[in-house]
Each structure stands twice: as C-alpha cells, then as structure tokens.
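*Asks:* Here is how the chains run, residue by residue.
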Amino acid sequence: MTGKDFLNPWQALEAIRKTAPIIHNITNYVVMNNSANALLAVGASPVMAHAQEEVVDMVGIASALVINIGTLSNEWVKAMFKAAERAVERGIPIVLDPVGAGATPYRTATARSLVTAIRPTLIRGNASEIMAVCGEQVQTRGVDSGEAGHAALDAAKAVHETWGSIVCISGETDYIVGGKSIYEIRNGHPMMTRVTGLGCTATALCGAFAAVNRDYAQATAQAMAVMGIAGEMAAAGAAGPGTLQVRFLDALYTMTEQDIDQRLRIGA
Amino acid sequence: MTGKDFLNPWQALEAIRKTAPIIHNITNYVVMNNSANALLAVGASPVMAHAQEEVVDMVGIASALVINIGTLSNEWVKAMFKAAERAVERGIPIVLDPVGAGATPYRTATARSLVTAIRPTLIRGNASEIMAVCGEQVQTRGVDSGEAGHAALDAAKAVHETWGSIVCISGETDYIVGGKSIYEIRNGHPMMTRVTGLGCTATALCGAFAAVNRDYAQATAQAMAVMGIAGEMAAAGAAGPGTLQVRFLDALYTMTEQDIDQRLRIGA
Amino acid sequence: MTGKDFLNPWQALEAIRKTAPIIHNITNYVVMNNSANALLAVGASPVMAHAQEEVVDMVGIASALVINIGTLSNEWVKAMFKAAERAVERGIPIVLDPVGAGATPYRTATARSLVTAIRPTLIRGNASEIMAVCGEQVQTRGVDSGEAGHAALDAAKAVHETWGSIVCISGETDYIVGGKSIYEIRNGHPMMTRVTGLGCTATALCGAFAAVNRDYAQATAQAMAVMGIAGEMAAAGAAGPGTLQVRFLDALYTMTEQDIDQRLRIGA
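Protein sequences appear in the order of chains E, V and S.
Using this note's numbering, you'd call the opening residue of the first sequence number 1 and step up by one each time.
Using this note's numbering, you'd call the opening residue of the second sequence number 1001 and step up by one each time.
Using this note's numbering, you'd call the opening residue of the third sequence number 2001 and step up by one each time.
Since the hints were derived computationally from the structure, they do not count as laboratory data.
Any given hint could turn out to be false.
Think about it this way: if two alpha-carbon atoms lie no more than 25 Å apart in a straight line, the pair counts; the simulated DSS-like pairs of lysine-lysine are [claimed, not checked]:
#1 V:Lys1082 to S:Lys2082
#2 S:Lys2078 to E:Lys78
#3 V:Lys1157 to E:Lys78
#4 E:Lys180 to E:Lys157
#5 V:Lys1078 to S:Lys2078
#6 S:Lys2082 to E:Lys78
#7 V:Lys1078 to E:Lys82
Which stretches of chain V does chain E cover? Using the computed rule of at least three CB atoms under 8 Å from a CB of chain E, they are [as the list claims (entries may be wrong)]:
#8 1030 to 1041
#9 1064 to 1074
#10 1100 to 1107
#11 1189 to 1199
None of the values given here were measured: they were computed from a predicted structure.
Just so you know, even glycine gets a beta-carbon here, dropped at the ideal spot from N, CA and C.
Looking at chain E on its own, in the form it has when it is part of the complex:
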C-alpha cells in the first residue's frame, strides 16, 4: 500500500459517520456555531461546554477533547486545564488550537502553559502560531526567520521533540510533523481564508478523526485533507465567501469516496 492510499481519509470518514463520536469543544465564541455545524455535517456529535462545574463530566462521555483559545479568559483557561487533565486520565486525544499565539503576551503564555502542562496529542495552528508556541526554543536554535516555512517547520519539530505533541502547520500546504514522516496536504482553496473560523473548524475535525483513528498523525492528515477537499468542492461555483461557507457544510455532508479519490493531494 502506498503512503497515499494509507492516508486516504475515506474509511475514517465512514467511521465517523457510523459511530458519531462525541467531540467535546471548549472553543471561542466566534466559531462555536461553525465548529458545531462542521462536526454535525461530517457525522460527529459536537458538545460545547466550558463551565468548570461540568467539563470533567463532559470529557467523561467524549471521544476527543478540542481546546481553542480564540476568545480566552481566565475562567475558561481554568476549565481547559480541568478538562485536559480528565482527558489524559481517560486516554482520549486532546487537540489544541493556539489561536492568536504570538499576537499578545497573554495568548502566547496561555498557549505555552497549555502545551507544557497538557502535552496535547495534537497542536494545529498557522505558521506564526506554531512558532509562538515554540518560542525561545526555536530562537536558541538560531532558526532563520527569513523563510517562514522552514522556520515554522523547525519550530514544529522542536515542539514535537520537547513535548511529544504532533504538530500541524496549516497553510497553502499543510504540514504534519510527528508521524512516521512529515505529511503534506495540498488541498484547499484561497477563498477559505476569507471565511472566519475555518482554521478552528479544521481543529475540530482533527478531533473527530482522532476519535476514530488512533494513528493521530495520520488522522490529522486525513482531517486536513477532508477540510481542503470540502473547501475545493465549496469554492467551485461559489460567488464569494458567504456562499463558500454554506457549500462547505454541504460538501462535508455529501462527500463521497469518489470526491476524495479525485481530489486528494497528500504526500508523506
């Protein structure tokens, strides 16, 4: 079996649709609706809960925990730690989206403290977020910041080596570091960057795929491929980002094995 066949997301997608895994999200206000709809469209069962009084119980019935710091505040961060502790106990995957890490010291510090304490199964962010999470680690290695791609990839490797987390850098090409090799996914469409929360949606889908595929690097590659393929299907004929967002959910819902086979651009 070739790397490409091995990574084909079809069987994992079918598994999500059949088992409807519960994905517990502690995420930001902006994208809660999008994330829930994307998880429903792909066949999963989203729950959103952030109260410290219940996150531990909610993690107890979930198959994956997704933590996103997009609109963070202290009470929510406390809930994130509590939820993550229970997820570690139960051995379910934890996916972290360090939204905006690097933009403010509070965000960067929160993202790093979550990474250090929780050692998430997967961290998914764009290049600058991953570099912010890595922080001085990369600086002290003398990474050249001139070429963002290489610097981010080095940061991802450093994060993986230090904390054990798989790291996904999303962008025009998505890179996944921490598996047998570095996976590269080249699906997607530029108009996706004009819809809010599609990065956060990708993170949520990573949770769904991790819930059904214990090879987490591979699951991440599959989730990112499904995101990109749905984006391509949605962009075809879309008049703009409003239509794209609607058609994206339709594409997640209707995606067939043939859609995947025709569009998949994944490598390892």
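Use these hints to put chains V and S onto chain E, whose structure you have.
*Replies:* Chains V and S only, in chain E's frame:
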C-alpha cells in the same frame, strides 16, 4: 372546528408578523445568532441579554422569556432566576430548554432547579432531556426505559402533573403534553438534525407563539409545526445542511397560509 | 470634485483590500461571527478579544477599535475602557455601537459612560439609541419627540457638540453628523432589518474604513454606503433573509467600482 383547524398556526404566525413581540432570550453562545435570525425571520423582535444588572428590566419590556442552558455557567444561571422571577410577576410565558440535561450532573441539577423554582410555562427538549428533568420521579414509577418514546411521554406527564409546565418532547414526532389532549406534530425533515441549534430555535419560536397565543399548549404545537414545515420547505432541493440552514430562514420569512395547509401534519 | 465623487468609497475599499488593516472588536456574542466574516469579506483582518489581560496589547497592533455593548456584562465593560484608553494613546479611531441603549438603564448608563469617558471617534446607532446616548441633553433643549428623525438628528448634533464624536444614525436613510456637512446615504434594502447583526456589521465596517481614511465622517459615509450597496446586491434575487445574509458577504467580497458607481446614493 376540527382539532387540526384549531391548531393551524397561520393566524398566530400572522399575529407575530403584525405585532413583532419582543422575545427576551438568555440562551447559549452556539445558537444565539440562529435564534435571533429565526425570530426575525418569523416576524418577532429578539433581544439577547444575560447581565444580572439588566435582565429584570429587559423582561419588563418583553412578551416572552426564553431560557436555554446550552452553555451554562453560574453567573448566567443567576441571571436566569432573576429574569424568571420578573417574568412570573408580569405573567408573561417562560419557555425553558434544558439542553443537555442528563449529560452532566451540573446540567441536570440546573435544569431541575429551574423547573422546580420557576415552574416554566413550557419545557421543550428531546426525549432524554425531558427524562433527565423528570428524574427519579419517573424511575420510581418503574417506567420501562426499553421504549424511549413511552418512557419520555410518561416523564412529560409526570413533569406536567408535578410542576404544571406544558412539556414538549421533540423528535421525529413532536409530542406536547399539558393541553386538552396530547398534541402530535409530524412535520420536519431528518437533515434538520445535522444543523446545530435547530432544537434551540424551536424553543425560541415557542416563545414567539406563546407571546401571541395564550393557549400555551396550542401555541407550542403551532410553533413546532411551523418549525417542521419550514424545515421541509428548506430541505426540498437542499444539497446539505449548510443550504438547509439558509433556506430554513427564508422559509420562515416567506411561509404562506397555503404552505401551511399543504404540509401541516398535526393531530390531537 | 463633487461631494458625491469625494465620498465615493471605491478608493477606500481598495485601500482596505490592499492593506488588510487589523480591526480589534470587543463585540457581542450574537454577531461576532457575522462581524468577523464581513470584515474578512471586505478585505480587513478582524481580531476578537475581550480579556482584560490582553486587550491593551491587542489594541497595540490594531488600526481601529470597535466597541459594541450588545451583550454586555461588567467584566467586558472594564475591558472596553482599558482598550479604549490604549486606543486614545495610540491615536487610532474608536467606533462605538451603543446597542440597545434606552432599552434598560444599565445599557443606557454604560453607553453614556463610555461616550463621556472615551469620546469615541464615531458613535453609530439607530435613532432611539442615539437619543438614549444623548439623554437629558436633548430633553432640556426641548426637542420635539413627535418626529423621530428630527429629534434624533438634534440628539446627534448635541452629542457631537458635547463630546466631539461623529455620530451616525442608521435607518432607511443614514445620517452622519460631524463632518463638513451632514452626509445622507440612501442605499440599503428593507429585508436587511430581518437579519440579525447587520447594524453591528455596519459598525465593524466603519472601523475598517476609518482605519484607511482619516477623514472619519467621510469614512463613515463610505462604510454605510458599502453596507447599503452590498445589501441591495444581496437582496436582488434573494428568497429571504437567510439567502440575503449569505449573498451579502459575497457582495462585499466581489464589489467592483462599477457596482458602486451604479448604486451609490449619497449626498452631503
């Protein structure tokens, strides 16, 4: 006049469109936008406010209060109690959506304490939520949990007898307990379960119909019928849940007496 | 150059698309997603952040600050003040949306305290909100409340004279007070009132235009014109408010100089 004619929602829908009643929602982050848009599309005037400093005043200008515990936290629960107290004083209907009751002890306890203290005009939830609200009450009656339908209906009857609330169990068939007879609504479309927050939207619409029809059991039946009919209209030709969500709002906005007459599947 | 040419928003729109200014929003839960999507569709870079721990830093990288009290609570109001103080220091425009001012004493008091302390660059609201912000000021001037239009316009002038803020009263005709003359924009479509958060979206777009055009009254007129034109483009052929909302984002994204020239109805 037959039961069906009596329950036809057309006149109530027209009343909402003419009077644009203010519906005060204390609801969850995931669905605030959906609920507001559905209320606007049906002709009502939504307000969303949760601060303890203002909920009492906001209830003072509203025609119905909708409480939804979907993303609850302690401060919000306090505001729910304050708002409900004022609604009781003013005699306006209170609709409660016990989202996720049964999923965590905190949610179940919050839902039950709201029911016990507030005695909402209407409680709308799915079968498992209604059973969780009812709790031991049903257990001690030895209800057979093998057939969810019957058990939930027994729970609904017990809740109605104990606290006086009308109870709506939504599902493929919606059951409304607490009126002259048990109303059954068979409108709707399976794809609606793949859009987040349509249950919460139903609850918000129940608030709008209760604001214009003081026969609250009947108003609930009318709201659930309009939800289901709009869902059917939206699903016809929809490529997936993204499109369905958009067309659902269009259907609420454009729904005619003929649309209702052709599709209504309601019984008593 | 005529007033109309001078106010034509095309060049400012192009500037937003080219420079992608960061717009920092402290806004309400209901519309966060809409506002972010509208800012992305028009070419800006939205950030949403409300934690007191980071708003000052976030303002530090933003080109405009948008404050919206739609679902206010005390902790958020504190963050609004902190953020505004930093925005004043940096000399970036502050846009305030006093959502619901007049509906509850808490909202009215919060809106007024923000206006008094911050002296926002721009205040955008509907007639009743602007009148509530102005408050007794207008009453003591003996404004006749019989004609809402005139009373609101007098309130806007009083607010401008007292605190120096430009004031935009949005409605079927939008009025902008505080520039060389009173600008009037007559673009838009009635169905826009049936979509939640389009007022808040207008406020966010005012932030984007103020970020690229230091003649803030003119920038406001341009933003309101682009809102209205996008609404007209979206309403053409829309089956209802669901479709309108989707097409509105498409229109912001695709709007050409020709679209503007054909539809612009602006005067000074």
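*Asks:* For this structure, which hints from the list above don't hold up?
*Replies:* 1 and 3
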